[in-house]
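**Student:** For reference, the chains in residue letters:
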Amino acid sequence: MAAVKELKKTSYQVNENGYYGKFGGAYIPEMLYPNIEELRENYLQIMQDPSFQAAFHQLLKDYVGRPTPLYFANRLSEKFGAKIYLKREDLCHTGAHKVNNTIGQILLARQLNKKFIIAETGAGQHGVATATVCALMGMECKVFMGALDMERQKPNVERMRILGAEVIPAVSGNQTLKDATNEAMRYWINYPVDSHYIIGSVVGPHPYPDMVARFQSVVSAEIRQQLLEQTGTEQPDYVIACVGGGSNAAGAYYHFLDEPDVKLIAAEAAGHGITSGESAATTALGRIGILHGSKTLLMQTDDGQVVEPYSISAGLDYPGIGPLHAHLYDTGRATFYSITDDEAMDAGILLSRLEGIIPAIESAHALGALHYMDLKPEDVVVISLSGRGDKDLETYIKWGKY
Amino acid sequence: MSVTKLSNRIDQIFQEKKNNILSIYYTAGFPRRDDTVHIAEYLENAGVDLIEIGMPFSDPLADGPTIQHSGQKALQQGMTLKLLFEQLAHVRQTVNIPVILMGYMNPVLQFGVENFCRHCQQVGIDALILPDLPMQEYLKEYKDIFEAYGLYNIFMITPQTSEARIRLIDEHSHGFIYMVSSASITGAKSEIRPEQVAYFERVRKMQLKNPTLIGFGISNHDTFSTACTYANGALIGSAFIKVLEQSKDLEKDIQQYITAVRGR
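Line by line, the protein sequences are chains U and C. Mapping of the first sequence onto my numbering: position 106 corresponds to residue 106, and the numbering continues sequentially without gaps. Mapping of the second sequence onto my numbering: position 71 corresponds to residue 71, and the numbering continues sequentially without gaps.
Source of the hints: derived by calculation from the structure; they are not laboratory data. All of these numbers come straight from a predicted model, not from anything done at the bench. One or more of the hints may lead you astray.
Said to hold, decoys possible - Which bits of chain U does chain C cover? Going by a derived footprint, with three or more residues having C-beta under 8 Å, they are: (1) 49-57; (2) 298-308.
As the list claims (entries may be wrong) - Here are the simulated lysine-lysine pairs, DSS-like style, with alpha carbons at most 25 Å apart: (3) U:Lys22 / C:Lys143; (4) C:Lys73 / U:Lys22; (5) C:Lys73 / C:Lys252.
For glycine and all other residues, C-beta sits at the position ideal for the given N, C-alpha and C.
Using the sequences and the accompanying hints, generate a full structural model.
**Tutor:** Structure, rendered in structure tokens:
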């Protein structure tokens, strides 16, 4: 089991003011200041405490099933003419990488003596991962979910309820992830002392992006060790991940951020295409702005109103991206590709047929990026397979082209 | 610290009046898109001391359902910051009391912070309340620009704000301090509870250099009077938006509501 190593300070790490380059910060109303300040003052100390690390890694091992395999995808490699490895986050308990973060944050919430947990969810994966750890720890759990998303993702709503969570419909705005996040933050404003808000991605006010990235960094720590065992070198040529808010990408990139030879590839959801008006490709369509407490790239109108994104993948339709990713884009450290619904679905079917793995549609976007890359036979490529496709069965069936 | 300009209308109000200051919030472009200036005029005629005009935003984090809904409707009716400044171009011909713009950072950022401040000065805005602009960012990035255009930045404090931070906020404040009455979003509560009174007392005993106005959960004569016992006055938002929502005759209903709040 690879321990999460403490990294050297690099320009890609958050600075002491909570910024990644010009992105990040904590643009929060005064009502949330004490909560955020409490977190900011304590998160590193708590996370770096050896007993916390021991408890975290014990649960990741025995409960989540880590380390997840790094699987050499033979037939996929042949197809694209490179050595392609899949980091199997889809094999985590609850079906995606999200649980790495919820395990970490609920342990942290206990250290801070919080009485109950709130969370937002879009497709329901983070909500399920939060409801799961709340059941594990016997803590009360409220999950905010857009009323429209509750309609679209009924099985996950019921999974959360079975796990004992209260699912609260967000009826404001467009009733999707963005509005669920607003509602969760409003609830937090109303109950600032006893509640901890488990944000599901590397978004929100500092220290959330850094904290979530650190919990997810177990992914790249394992990749290094597993690559070393399998190939004799710790460094791949490419790491590919999909980016909605960007938590699985942050985890997969984390221990490679400071190694320029490792090329970082991000797959954004283009929806029906970046010029179609129905897209979630934030770097292609966004400008710098402020949402949910963070200065980042944001899809918005000229008047600064946040635009409702679209993607076939409910986990990628967020109008912003985490400030780390905005910085990686801005500096050219990561290369971003916009993958359409069609390209992602084709890639999902392709992986199913070549490797016997039905990926989550989010993760299928990462696979879709392979078509755009100029790969050489000796290139070592790691793809973050962030989630499994079970939850997307209905979307695959509706798609039908298989 | 810059020289406090006595030309700011907010300072004039607090020099003339120490108690029972009433500030009313409403959303620009609501209930109808072009009501913005009329409502200001009716409020001044009804004897209100300050006006806060809300700049609608798609994601108003600190607002409850009433203000959220008014903003959403205003946006649907085509409200923008650019249009707001056009509406307010001649507001100073008919409105003399202080006017504050209140809203979220993102639309201001897209308008261009300096451009925004220049427009504020041109139409006669006295202060800004931007709940998601934290104090440190304000001091580092925006203070000089705001001050160059004669704009006060109004800070909020809450029951959870530490004494040290209240002192710091007091030091950097001009005009008044916005005392959020409880841990809540706007419009949440309808009465004032004992623990809130304890917080009001605590702040009063600190003898801040700035006046204080209590906001959030103030809706009627009772809550307004209670707030005025502990602060220089109070701010009303959601309750007033509800009046606007139901009104068939804005001038008459605004007059009636303000009279009722004042208890005259």
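**Student:** Kindly indicate which numbered hints from before are broken by the structure, ordering the numbers from low to high.
**Tutor:** Checked against the structure, the hints that fail are numbers 1, 4, while the rest are satisfied.
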